[in-house]
Amino acid sequence: MTQWEQLQEAAKTGRVNRREFMRYAAALGITTSLASGLMVKAGYADEPKKGGTLRIGMEGGSASDSLDPRTYADSVMIASSLCIMNCLVEFDSAGNPVGELFESWEAKPGAVEWVFKVRQGVKFSNGKTLDAEDCIYSIQIHRGETKSPAKGILEQIKEIKATSASEVTITLSSGNADFPVILGDYHLVVVPKDFSDWQKPIGTGAYTLESFEPGVRLVFKNRGDYWKPGRGNFDMVEIRNIQDQAARTAALQSGEVDAVNRLDARTVDLLKQDSNLSIVRTKGTGNRYCFVSRVTQKPFDNKDLRLALKYGIDRQGIIDSVYSGYAVPGNDHTLDALNPFYNTRMPQRAYDPDKAAFHFKKAGLGDTKIELQTSEGAWNTAVDCASLFQESLKKANITLDVNKVSADGYWDNVWLKAPFCAVYWGRRLSADQTFTQVYGSASDWNDSDWRIPAFDKLVEEARVELDQAKRTELYFQCQEMIAEEGGMVCFAITDYLDGYSTKVMGAEPHARYDLNDNRIAEKGWFA
Amino acid sequence: MLKVIAARVVLGLLTLLAVSALIFAATEILPGDVASAVLGQGATPETLATFRAELGLDRPAYIRYFEWLFSALQGDLGVALTNKRDILTSIAPRFENTMFLAGYAALIAVPLSVGLGILAAINEGKWIDRVANVLSLAAISFPEFFIAYVLILVFAVKLGWFPSLSTVFDDMTLSQRFHVTALPAVTLTMLVAAHMLRMTRSSVLSIMSQPYIEMAFLKGLKRSRVVFVHALPNAAAPIITVIALNLAYLIVGVVVIEVVFVYPGVGQFMVDGVTKRDLPVVQACGLVFAAAFVILNTFADVMSILVNPRLRKPR
Numbered sequence: 090m091t092q093w094e095q096l097q098e099a100a101k102t103g104r105v106n107r108r109e110f111m112r113y114a115a116a117l118g119i120t121t122s123l124a125s126g127l128m129v130k131a132g133y134a135d136e137p138k139k140g141g142t143l144r145i146g147m148e149g150g151s152a153s154d155s156l157d158p159r160t161y162a163d164s165v166m167i168a169s170s171l172c173i174m175n176c177l178v179e180f181d182s183a184g185n186p187v188g189e190l191f192e193s194w195e196a197k198p199g200a201v202e203w204v205f206k207v208r209q210g211v212k213f214s215n216g217k218t219l220d221a222e223d224c225i226y227s228i229q230i231h232r233g234e235t236k237s238p239a240k241g242i243l244e245q246i247k248e249i250k251a252t253s254a255s256e257v258t259i260t261l262s263s264g265n266a267d268f269p270v271i272l273g274d275y276h277l278v279v280v281p282k283d284f285s286d287w288q289k290p291i292g293t294g295a296y297t298l299e300s301f302e303p304g305v306r307l308v309f310k311n312r313g314d315y316w317k318p319g320r321g322n323f324d325m326v327e328i329r330n331i332q333d334q335a336a337r338t339a340a341l342q343s344g345e346v347d348a349v350n351r352l353d354a355r356t357v358d359l360l361k362q363d364s365n366l367s368i369v370r371t372k373g374t375g376n377r378y379c380f381v382s383r384v385t386q387k388p389f390d391n392k393d394l395r396l397a398l399k400y401g402i403d404r405q406g407i408i409d410s411v412y413s414g415y416a417v418p419g420n421d422h423t424l425d426a427l428n429p430f431y432n433t434r435m436p437q438r439a440y441d442p443d444k445a446a447f448h449f450k451k452a453g454l455g456d457t458k459i460e461l462q463t464s465e466g467a468w469n470t471a472v473d474c475a476s477l478f479q480e481s482l483k484k485a486n487i488t489l490d491v492n493k494v495s496a497d498g499y500w501d502n503v504w505l506k507a508p509f510c511a512v513y514w515g516r517r518l519s520a521d522q523t524f525t526q527v528y529g530s531a532s533d534w535n536d537s538d539w540r541i542p543a544f545d546k547l548v549e550e551a552r553v554e555l556d557q558a559k560r561t562e563l564y565f566q567c568q569e570m571i572a573e574e575g576g577m578v579c580f581a582i583t584d585y586l587d588g589y590s591t592k593v594m595g596a597e598p599h600a601r602y603d604l605n606d607n608r609i610a611e612k613g614w615f616a
Numbered sequence: 324m325l326k327v328i329a330a331r332v333v334l335g336l337l338t339l340l341a342v343s344a345l346i347f348a349a350t351e352i353l354p355g356d357v358a359s360a361v362l363g364q365g366a367t368p369e370t371l372a373t374f375r376a377e378l379g380l381d382r383p384a385y386i387r388y389f390e391w392l393f394s395a396l397q398g399d400l401g402v403a404l405t406n407k408r409d410i411l412t413s414i415a416p417r418f419e420n421t422m423f424l425a426g427y428a429a430l431i432a433v434p435l436s437v438g439l440g441i442l443a444a445i446n447e448g449k450w451i452d453r454v455a456n457v458l459s460l461a462a463i464s465f466p467e468f469f470i471a472y473v474l475i476l477v478f479a480v481k482l483g484w485f486p487s488l489s490t491v492f493d494d495m496t497l498s499q500r501f502h503v504t505a506l507p508a509v510t511l512t513m514l515v516a517a518h519m520l521r522m523t524r525s526s527v528l529s530i531m532s533q534p535y536i537e538m539a540f541l542k543g544l545k546r547s548r549v550v551f552v553h554a555l556p557n558a559a560a561p562i563i564t565v566i567a568l569n570l571a572y573l574i575v576g577v578v579v580i581e582v583v584f585v586y587p588g589v590g591q592f593m594v595d596g597v598t599k600r601d602l603p604v605v606q607a608c609g610l611v612f613a614a615a616f617v618i619l620n621t622f623a624d625v626m627s628i629l630v631n632p633r634l635r636k637p638r
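Sequence lines, in order, name chains Y and L.
For the first sequence, the working numbering gives the first residue as 90, with consecutive numbering after it.
For the second sequence, the working numbering gives the first residue as 324, with consecutive numbering after it.
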């Protein structure tokens, strides 16, 4: 077979998606118009087809789940809420904010005052037409006396008002060029004004809720006439909670579900051989795995010790043996390479036992014990990673005591308290949010206790900077400061690994979350 | 005799009361509380305090214990702290599921193991005895998840005879339910059969060494008649106890099976409750499990008394 034939074959069996098909075709020197014509022939209709029941098997739910957006914390509820409801802002596959129920927006200079246009002609499932008041209500439930996790990110809002039925003006306490990104947070789904029956939410989404057994299954039914063209194609969507990785894999293999999230990196190469399945990999946007030291506690107040630890970890070794290569090395900060402000000029820190030994000697700690607390409760492979870290430090003659602690209550009793412990961070909405929450002086979650006024100033400056080039430079400096001086050894950022039946189309990688930003029910269709 | 049985029942109730206090105490000493567990990384001291006050976690433990106990006695298990659902309505279908699976497994396991146990006792030392012994020992020697995955691989992924997901739903017919839960039921059978089989075999055999059995043989009776008519009734008490113990295990000890087969039983419900520190849920599950255990054991005691004349009149 020629490459072109191979590509067409791959397209027919669904191993490449439309976007990839076009890209590969271009690489083979086939013009776009020819390629899109051939694409239809190769099995790709431009128009998504309607119909069918999509069955998704997901990890990330439990018997205590609720559809109240103030309780969302994991994938099952995020994906489910997006079946019924829409967000104010969504993200394209590169991670840039695009309009959803807020159709467009504009910032007044200084990025303090923002004007959002509400999308017109969108109806809730109870027949009501969306207006500015609904959007405002849906933001307000996360402010004031509430336990919403989104409360923190909305504290910057000073005033929020409807300037007309189709326009919302939000004034911030200080400028934030990233504010639309903040409004894309998955908690901020839109319901009609004064709505509060969270057992049966009303939304503007493609589907309505049929049944909900927490921790077991959610069933959704297409309500027809979705406002996004080409989306919401399935008749029914069924989301099943399958907490066990092996059970999820078996369900996909035996055809009991059409899509699953969070495949096991150790077995995914075997699954790739199954011609009925396609694996979608999103590189390096998953969890950021770190060993975090508190720079205010001895002996980690010594910068050379911190550098020794950063040079003394064999990142690639851990990635290869624990994650079978399905992760990218971290560069000691939690921003990922798909973020537009990711520092590309800073070299990737590599394993260097000599440098580690040099800095350790310079730290002059003698035989001070260095203890790392780790646990399955931090993340499931944290103990393996810690052991490999211990081994790689041995080559630099540094002795690390690895202390495995109870998984139960890990985040209460160890995190933010132990001088050196295993921590994972999820992706944050924006560079600003990452730097403010993880490293900002005012943040309660600044787990390295690294509080530097000069750094805060850089972040504040960047927050109101509307010039992209200047902003990039500021964020580059932020990353360099963290990597050089911070207390965090961020050694790996995992890939998201989704598994699909080959008949599911529209399964593309996305910069934010797996399962096409947890919107496969909305974006996908059956071939 | 009625007095003896009544005494057993009262004892069972007292045990349950003691267990309820223990459950409450145990959930109290779990590290961390529901507020910080629910809010997770999203917790700030301020939201934590708000949530704690909202849940009434700021009041002393003993007051909360008695409140909980009295409402539980009236059938009110409270509302889940995390998703505000009524616990009784959440737990009832899951308990039904657990009972269904346990019953299904017991339906296969009890006749199989008691039958094989008796057969092994009759044919002591012959090949059937050895095969039953070796197979049952092999079955419990493998960890349950291993058996489960092997069954899934062979019968769900390769052969496609049974589904790998055993979730049951309200709209399923009984025969559909039996079909989808076949693999977990077989796995559970393999787990509990050995214990019951060996107990049956050894208690029958120990009775067989008694002088009155020898007398029966000397009368010229056939071995099978001696086993069924003379030995078995006297061996029944330990067999009933071990069956009850295994039934209780089938109800309370199957969390791993529930996870692997994605079966919506009480075990998974309780584990979710523990990870989210949803104390009312954990307490309710604990109470249900304890009740199942106590009821089955009391039942076993009563049955043992009924089948054994010597126990009917305590000295």
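Take the hints with a grain of salt, since some may be wrong.
Only pairs whose alpha carbons sit at most 16 Å apart, straight line, appear in this in silico EDC-like list of lysine to aspartate or glutamate [said to hold, decoys possible]:
hint : chain 1 : residue 1 : chain 2 : residue 2
1    : L       : Lys481    : Y       : Glu345
2    : Y       : Lys387    : Y       : Asp157
3    : L       : Lys407    : Y       : Asp538
4    : L       : Lys407    : Y       : Asp393
5    : Y       : Lys240    : L       : Glu369
6    : L       : Lys407    : Y       : Asp157
7    : L       : Lys481    : Y       : Asp286
Since the hints were derived computationally from the structure, they do not count as laboratory data.
Does the alpha-carbon distance linking Lys387 of chain Y and Asp157 of chain Y stay inside the 16 Å limit?
Between Lys387 of chain Y and Asp157 of chain Y the Cα gap is close to 43 Å, so the pair fails against 16 Å, i.e. violated.
Would you mind confirming whether the straight-line C-alpha gap from Lys481 of chain L to Asp286 of chain Y stays at or under 16 Å?
Violated, at roughly 45 Å.
Next pair to validate is Lys407 of chain L with Asp157 of chain Y; report whether the Cα-Cα distance is within 16 Å.
Answer holds: Lys407 of chain L to Asp157 of chain Y is near 10 Å, not above 16 Å.
Can the restraint linking Lys407 of chain L and Asp538 of chain Y be considered satisfied, given a maximum Cα separation of 16 Å?
36 Å, violated
Is it true that the CA of Lys407 of chain L sits at most 16 Å from the CA of Asp393 of chain Y?
50 Å, violated
Need the status of pair Lys240 of chain Y, Glu369 of chain L: alpha-carbon distance at most 16 Å?
Measuring from Cα to Cα gives roughly 11 Å; hence the hint holds.
Taking 16 Å as the top limit, are the C-alpha atoms of Lys481 of chain L and Glu345 of chain Y close enough?
Holds, at about 13 Å.
When the structure is compared with the earlier hints, violations turn up for hints 2, 3, 4, 7 and for no others.
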